[in-house]
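Per this note's numbering, residue 1 is the first one in the sequence shown, and the count goes up by one each step.
Keep in mind the hints are simulated off the structure, nothing from the lab. Take these hints with a grain of salt, some might be off.
Beta-carbon label-pair distances, calculated as ranges [to be verified]: (1) Arg45 x Gly20: 18 to 24 Å; (2) Cys22 x Leu66: 33 to 39 Å; (3) Ala42 x Gly6: 19 to 25 Å; (4) Arg3 x Pro53: 27 to 33 Å; (5) Asp23 x Val1: 17 to 23 Å; (6) Ala42 x Ile17: 18 to 24 Å; (7) Val14 x Ser43: 27 to 33 Å; (8) Asp15 x Ser43: 19 to 25 Å; (9) Trp2 x Asn57: 22 to 28 Å; (10) Ile17 x Gln39: 17 to 23 Å; (11) Val14 x Asp41: 24 to 30 Å; (12) Lys47 x Ile17: 30 to 36 Å; (13) Arg3 x Lys47: 33 to 39 Å; (14) Gln12 x Ser49: 15 to 21 Å.
Simulated crosslink set (DMTMM-like; lysine to aspartate or glutamate; CA at most 20 Å straight-line) [to be verified]: (15) Lys9 x Glu26; (16) Lys50 x Glu19; (17) Lys50 x Asp15; (18) Lys9 x Asp25; (19) Lys50 x Glu40; (20) Lys9 x Asp23; (21) Lys9 x Glu19.
All residues carry an ideal CB built from backbone N, CA and C; glycine is no exception.
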Amino acid sequence: VWRLWGEDKALQVVDHILEGTCDNDEILRCIHIGLLCVQEDASSRPKISKVVPVLENGSLIFPSHLPPAPSTWKIRNLSLGAQTSSTISGTGSELGS
Numbered sequence: 001v002w003r004l005w006g007e008d009k010a011l012q013v014v015d016h017i018l019e020g021t022c023d024n025d026e027i028l029r030c031i032h033i034g035l036l037c038v039q040e041d042a043s044s045r046p047k048i049s050k051v052v053p054v055l056e057n058g059s060l061i062f063p064s065h066l067p068p069a070p071s072t073w074k075i076r077n078l079s080l081g082a083q084t085s086s087t088i089s090g091t092g093s094e095l096g097s
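Working from the sequences, and respecting the hints, build out all of it.
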């Protein structure tokens, strides 16, 4: 989505079944807010108190540009060596459930 947003093709992520059922500007606004909310630097993410009015009123109060994609996006394109896994065991109360 980050790449498509940068190429002005973000609407390509929308399921074709939904075409024509929503306003494209509203869809783009939601995608934009979603991308802002997953920025790598959590302190740069918009506060929910600013997001809700944007969703309710349709006015975009955020900058139109986006910061660089999170590092997880960058890492995904790297070839990783041997992978490891770990298991957490215990009772539900020990795990906080």
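Consistency of the hints with the structure:
1. At roughly 32 Å, the beta carbons of Arg45 and Gly20 sit outside the given window of 18 to 24 Å.
2. At about 21 Å, the CB distance of Cys22 to Leu66 disagrees with the hint of 33 to 39 Å.
3. In this structure the supplied range 19 to 25 Å holds for Ala42 paired with Gly6, their Cβ-Cβ distance being about 21 Å.
4. Checked against the hint of 27 to 33 Å, the C-beta distance between Arg3 and Pro53 comes to roughly 29 Å, which is consistent with it.
5. As the Cβ distance of Asp23 to Val1 is approximately 19 Å, the hint placing it in 17 to 23 Å holds.
6. For the pair Ala42 and Ile17, the supplied restraint of 18 to 24 Å is violated, since their beta-carbon distance comes to about 34 Å.
7. Separated by about 30 Å at the C-beta atoms, Val14 and Ser43 satisfy the suggested range of 27 to 33 Å.
8. For the hinted restraint 19 to 25 Å between Asp15 and Ser43, the CB-CB distance of approximately 33 Å leaves it violated.
9. In this structure, Trp2 and Asn57 meet the distance hint of 22 to 28 Å, their C-beta atoms being roughly 26 Å apart.
10. Checked against the hint of 17 to 23 Å, the C-beta distance between Ile17 and Gln39 comes to roughly 29 Å, which is inconsistent with it.
11. Between Val14 and Asp41 the beta carbon distance is about 27 Å. The supplied range of 24 to 30 Å therefore holds.
12. Evaluation of the 30 to 36 Å hint for Lys47 and Ile17 yields a pass: the beta carbon distance comes to about 33 Å.
13. Separated by about 27 Å at the C-beta atoms, Arg3 and Lys47 break the suggested range of 33 to 39 Å.
14. About 31 Å separates the C-beta atoms of Gln12 and Ser49, a value inconsistent with the hinted range of 15 to 21 Å.
15. The hinted pair formed by Lys9 and Glu26 meets the criterion: a straight-line CA distance of about 15 Å does not exceed 20 Å.
16. Distance check on the hinted pair: Lys50 and Glu19 sit about 28 Å apart at the alpha-carbon level, beyond 20 Å; violated.
17. Between Lys50 and Asp15, the direct Cα distance comes to roughly 27 Å. Violation of the 20 Å bound is thereby established for this hinted pair.
18. Between Lys9 and Asp25 the alpha-carbon distance is near 13 Å, which keeps this suggested pair within the 20 Å criterion.
19. With a C-alpha separation of about 19 Å, the suggested pairing of Lys50 with Glu40 holds against the 20 Å cut-off.
20. At most 20 Å may separate the alpha-carbon atoms for a hinted pair to count; Lys9 and Asp23 meet this at roughly 15 Å.
21. Under the criterion of a C-alpha separation no larger than 20 Å, the hint pairing Lys9 with Glu19 is consistent with the structure, at around 14 Å.
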